[in-house]
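Engineer: Starting from the structure of chain A, add chain B where the hints point.
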Amino acid sequence: MRLSLHTAPEVPLETDCLCPDQLLGKSAKEIAKLLVFHGNQRAELGEFFHIQEGAQNGTVTVEGDLAKVKQVGAGMSDGKLRIVGNVGAHLGAEMRGGEIVVEGSAGDWVGREMRGGRITILGDAGHLVGSAVRGAAVGMTGGEIFILGSAKNEVGNGMRRGLIAIAGDSGDFTGVNLKAGTVVVLGNLGLRSGAGMVRGTILSTQPAELLPTFCYDTTYRPPIVRTLLLYLRRQGFTIEDVYINGPYRRFSGDAIELNKGEILLYAG
Amino acid sequence: MLIKLSGGTVYDPAHRVNGRVLDLYIQDGRIVDPPVSAKVDQEYDLRGKVVMAGAIDMHTHIGGGKVNLARMLLPEDHRSDPVPRIERLHSGCGHAVPSAWVTGYRYAEMGFTAAFEPAVLPINARQAHMEMADIPILDKGGYVMLGSDDFFLRLLQAGAEQKLINDYVAWTLNATQCIGVKVVNPGGISAFKFNQRALDLDEKHEFYGVTPRQVLTTLARAVYELGVPHPLHVHGCNLGVPGNVETTLKTIAAVEGLPIHLTHVQFHSYGAEGDFKFSSGAARLAEVINASHNITVDVGQILFGQTVTASGDSMHQHANARHAHPKKWVCMDIECEAGCGVVPFKYRDKNFVNALQWAIGLEIFLLIDNPWRVYLTTDHPNGAPFTSYPHLIRLLMDKSFRDEQLRRLHPEAQKMTTLASIKREYSLYEIAIMTRAGPAELIGLSDRGHLGAGAVADITVYTPQENKEEMFAKPAYVFKDGKLVVKDGQVVEVTWGTTHTVKPAYDPGIEKQLAEYFDRHLTLKLDNFPIRDEELYEDEKGSVTVHPCWGSHNR
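From first to last, the protein sequence lines stand for chains A and B. For the first sequence, this note's numbering gives the first residue as 1, with consecutive numbering after it. For the second sequence, this note's numbering gives the first residue as 1, with consecutive numbering after it.
Derived from the structure by calculation, the hints contain no laboratory data. Be aware that a few hints might be false.
[Claimed, not checked] Under the rule of at most 20 Å between Cα atoms (straight-line distance), these lysine to any residue pairs were calculated in the SDA-like manner:
no.: 1; chain 1: B; residue 1: K346; chain 2: B; residue 2: D398
no.: 2; chain 1: A; residue 1: K260; chain 2: A; residue 2: G187
no.: 3; chain 1: A; residue 1: K260; chain 2: A; residue 2: V198
no.: 4; chain 1: B; residue 1: K328; chain 2: A; residue 2: V133
no.: 5; chain 1: A; residue 1: K68; chain 2: A; residue 2: E53
no.: 6; chain 1: B; residue 1: K328; chain 2: A; residue 2: A136
no.: 7; chain 1: B; residue 1: K328; chain 2: A; residue 2: E53
no.: 8; chain 1: B; residue 1: K346; chain 2: A; residue 2: R160
no.: 9; chain 1: B; residue 1: K328; chain 2: A; residue 2: L5
no.: 10; chain 1: B; residue 1: K327; chain 2: A; residue 2: G196
no.: 11; chain 1: B; residue 1: K328; chain 2: A; residue 2: A137
no.: 12; chain 1: B; residue 1: K327; chain 2: A; residue 2: E53
no.: 13; chain 1: B; residue 1: K327; chain 2: A; residue 2: R134
no.: 14; chain 1: A; residue 1: K80; chain 2: A; residue 2: S105
no.: 15; chain 1: B; residue 1: K327; chain 2: A; residue 2: A137
no.: 16; chain 1: B; residue 1: K328; chain 2: A; residue 2: K68
no.: 17; chain 1: B; residue 1: K328; chain 2: B; residue 2: Y347
no.: 18; chain 1: B; residue 1: K327; chain 2: A; residue 2: L5
no.: 19; chain 1: B; residue 1: K327; chain 2: A; residue 2: E47
no.: 20; chain 1: B; residue 1: K328; chain 2: A; residue 2: S105
no.: 21; chain 1: B; residue 1: K328; chain 2: A; residue 2: E47
no.: 22; chain 1: B; residue 1: K503; chain 2: B; residue 2: S543
no.: 23; chain 1: B; residue 1: K328; chain 2: B; residue 2: S80
no.: 24; chain 1: B; residue 1: K327; chain 2: A; residue 2: V101
no.: 25; chain 1: B; residue 1: K328; chain 2: A; residue 2: I256
no.: 26; chain 1: B; residue 1: K346; chain 2: A; residue 2: A136
no.: 27; chain 1: B; residue 1: K346; chain 2: B; residue 2: H323
no.: 28; chain 1: B; residue 1: K415; chain 2: B; residue 2: K327
no.: 29; chain 1: B; residue 1: K4; chain 2: B; residue 2: A453
no.: 30; chain 1: A; residue 1: K68; chain 2: A; residue 2: R96
no.: 31; chain 1: B; residue 1: K327; chain 2: A; residue 2: V133
no.: 32; chain 1: B; residue 1: K541; chain 2: B; residue 2: K39
no.: 33; chain 1: B; residue 1: K423; chain 2: B; residue 2: L367
no.: 34; chain 1: B; residue 1: K328; chain 2: A; residue 2: S27
no.: 35; chain 1: B; residue 1: K193; chain 2: B; residue 2: S80
no.: 36; chain 1: B; residue 1: K327; chain 2: A; residue 2: I256
no.: 37; chain 1: B; residue 1: K350; chain 2: B; residue 2: K415
no.: 38; chain 1: B; residue 1: K328; chain 2: A; residue 2: A180
no.: 39; chain 1: B; residue 1: K327; chain 2: A; residue 2: L258
no.: 40; chain 1: A; residue 1: K33; chain 2: A; residue 2: E53
Chain A extracted, bound-state conformation (with noise of 0.2 Å):
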């Protein structure tokens, strides 16, 4: 099935409704009913996008400049989305399970408390990768969001559960709040990463400048990086053989929480 916008939304449009749960199994005219937000007013996908059903393969592509249009894939637990171009905010937002594919870049809450399932995109992601909302507690629990390019401030705010993987730069407050789970940045990390973290790791093949409240543990070459790392490689990232191989200096903290929580740097 293939979805391609052909009237750009002026204001953001909301659309959880663009997800193969609700997706499949329908056919054109009956997507095209479906009911979508194009700001604080009622409308029909139809009024923003071509469908085309095609064979029912489980998986559904959606193409064209879709930053403005926000929670796609929201609540899915199957199946497969593909999405041509660059999509907005909230994407896969709870997601449950199957996997989304961006070939562009995405806006901000990539993956925000999302429970299961995988996210790639190919290009930069916004603020609060993985992360949760304003005034909970926990964010992301469980699945794995890839990100081929860079991602802003926030990534994995609260998260409990689950793998972030970066290629490119991450911006401030990494791993915020961690309470668990595992943020790998290949670039370089922002300022004041793993700030209140609980437990959990959080891994840069760069140098980077830690808070006062993360102490120098230790040198050593866990094995579980040279798996994790091996992992990537095999989803599509690009890792020198020496990061895979190589020591890792450890810091563990923040003292102000827990102190359980580990930063692993590179130490070549």
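Structural biologist: Same frame as chain A, but now just chain B:
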């Protein structure tokens, strides 16, 4: 236009009308005497229905900083209760802290036509009023919080004359457009900032050297001498602390006959007996209240379920934070004035303390003989969201239902309460007193809360039912200012209420002293501080109603 409400069974305690079949006439938004020969434009047949004035919630946290903090803290509260937009109604959300529009709709849908925000900090008053301006249908008003503010404590420390304090209180009431004065943990919020973690009635504030007793009596006297109808609204010392009924009784004695209103007394009526060192002080408190003529109370009943507590009492919210559910909270310092704390709570019937709190609240309702002296509140949202009022009314009116609920409680708590032996059931007349006539008289709203000629036509019509919860949850009609706003428990028209205020006179000489103080210590210039009347009606929705300062009824 003349509207006739014919044949309803009317409960109007202000005129001692107890279930008499009467016709009511409405013209230009007010109730009028039966006209001799005018043509009735519209008639509602209310035969078999129960007719009361619109209900008044005299203590409910619906506007201001702490309400917004609670909203920001609790995304789960919004998610659990989304309200879609339909026709002329705004969308919104929230169970414990609903959005402003939804607050108005839900109150109106239960037959309420006025609600009073009890914790308006002077420096946040503008924001509180602006937010309440977005609450439709209801009349609004606020009680301004004094007693922990630096300016007042300095006056007290310096031994200022009562006259000067009165001027300051009157000036504050004028500047903040409020209708009453509230004191929260007298001096204690300030003491908390000086690292004191408790402040009993006669304990000295470490920095200013004044005691809560002084704060309380000085403010109670100021409100009394200014003739403000609503007596000082007191949230006493030691909120939630086992054994605090002693403090509450001492507080009543401390004011020496001056009128005061004790708010959410349920949280201030605990003994420290029994295996758990926590017991009911309701009987002792009720006995004293039954014997004194200067005290009114509202209960602050807790009901089981998830809610959030929002209070200016940062000292006790700090102590309560360890019970937070979900586990998060906010504590704030607000300039030189006060502070606030927001702690989400889940009251559980299987928890001994919560179960007994529930029973204590009901004991207070049932042991205070005179319904003119006790008002129906849950201290929304601190004890429970206001939407649980119909449930609470059923608990009061239906002994068998109450006993059934009691049997579900923690077994030890059941042993510690006398609730099972209390036979009293509230009548419709008594409910009308504690939700209409009583609060109107207490606050000084002479043309609300009753159905006499000249009163504003805020009228609620219920369909009598055996199940009082269903009856009070869904009125057949609600009229606000003579307009039909709710039909069959659904909002059919959105109107805008007024803001009730008092404006006691004061000597403008106080402003010179205040200007110096503002320049030196506060973030605002004195000129920008007072809220002008225009600010309340320039959005073309609001209006200001000033009530005369002719003193409180329970002097």
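Engineer: All hints are to be evaluated individually against the structure, with a verdict given for each.
Structural biologist: Checked hints:
no., hint, verdict
1, B/K346 - B/D398, "25 Å, violated"
2, A/K260 - A/G187, "24 Å, violated"
3, A/K260 - A/V198, "6 Å, holds"
4, B/K328 - A/V133, "14 Å, holds"
5, A/K68 - A/E53, "24 Å, violated"
6, B/K328 - A/A136, "9 Å, holds"
7, B/K328 - A/E53, "48 Å, violated"
8, B/K346 - A/R160, "24 Å, violated"
9, B/K328 - A/L5, "43 Å, violated"
10, B/K327 - A/G196, "16 Å, holds"
11, B/K328 - A/A137, "8 Å, holds"
12, B/K327 - A/E53, "48 Å, violated"
13, B/K327 - A/R134, "15 Å, holds"
14, A/K80 - A/S105, "18 Å, holds"
15, B/K327 - A/A137, "9 Å, holds"
16, B/K328 - A/K68, "34 Å, violated"
17, B/K328 - B/Y347, "16 Å, holds"
18, B/K327 - A/L5, "44 Å, violated"
19, B/K327 - A/E47, "44 Å, violated"
20, B/K328 - A/S105, "34 Å, violated"
21, B/K328 - A/E47, "43 Å, violated"
22, B/K503 - B/S543, "15 Å, holds"
23, B/K328 - B/S80, "18 Å, holds"
24, B/K327 - A/V101, "36 Å, violated"
25, B/K328 - A/I256, "16 Å, holds"
26, B/K346 - A/A136, "17 Å, holds"
27, B/K346 - B/H323, "9 Å, holds"
28, B/K415 - B/K327, "31 Å, violated"
29, B/K4 - B/A453, "13 Å, holds"
30, A/K68 - A/R96, "23 Å, violated"
31, B/K327 - A/V133, "16 Å, holds"
32, B/K541 - B/K39, "31 Å, violated"
33, B/K423 - B/L367, "10 Å, holds"
34, B/K328 - A/S27, "46 Å, violated"
35, B/K193 - B/S80, "36 Å, violated"
36, B/K327 - A/I256, "17 Å, holds"
37, B/K350 - B/K415, "14 Å, holds"
38, B/K328 - A/A180, "18 Å, holds"
39, B/K327 - A/L258, "16 Å, holds"
40, A/K33 - A/E53, "15 Å, holds"
Checked against the numbered hints given earlier, this structure breaks hints 1, 2, 5, 7, 8, 9, 12, 16, 18, 19, 20, 21, 24, 28, 30, 32, 34 and 35; the rest are met.
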